[in-house]
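Sequences and hints are given; from them, build the entire structure.
This note's numbering numbers the first residue of the sequence shown as 702 and each following residue consecutively.
If you are wondering where the hints come from, they were derived from the structure by calculation, not from laboratory data.
Cβ-Cβ distance ranges computed for the label pairs, FRET-style:
no., residue 1, residue 2, range
1, R856, G754, 23 to 31 angstroms
2, L863, R787, 37 to 45 angstroms
3, F789, G854, 34 to 42 angstroms
Here a beta-carbon is modelled for each residue, glycine too, at the ideal position from N, C-alpha and C.
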Amino acid sequence: MAVQYQCAMSLDGFIAGPGGDMGWMVEYLTPDPTTDELMNETGALLVGRRTFGGDDPYKGTENEGEPYGGGWDGPQFVLTHKAPDRTFPGVTFMDDLRRAAAAAAEAAGPKNVGVLGAQVAAQCLEAGLLDEIFVSVVPVLLGDGVRLFSHPGGRTVQLEPLRTVTTDAGTSMLLRVVR
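Here it is as structure tokens:
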């Protein structure tokens, strides 16, 4: 079991466009066996609040609001300081990173915890909770938006490549965080 940051990224390093726009991904949402394998190995999600309530590349489709466009189903733990007034099936809102990560790990059992959202991934990295990064590099340049990783003033994080797979959808990399 690993705590694994899971995302798609433009070649210039953005996981979302300006203002969190995810519409750029629509034309790249093609069947991908690497992503299918990733979803099968994921038992729970630890999600940032902005990601949970943010723009959706599946907007206007029957899969809107579903993780991985409905390709994945399971418990989600959303990190937030302000839980919404309404409930969402299978979603638990928590305000403490370590407790949320522990709850997600327990729910995931022997499978991975998928981390969605740049800010929560950075918090996991800073807290020593992040084990791996799975990033699918999409052949597009966005020029601006939400970076895969940002640390004001800079920070070097050593990563060890574990696997690289190239398909028509792009190149996916699985990297281990070196501690």
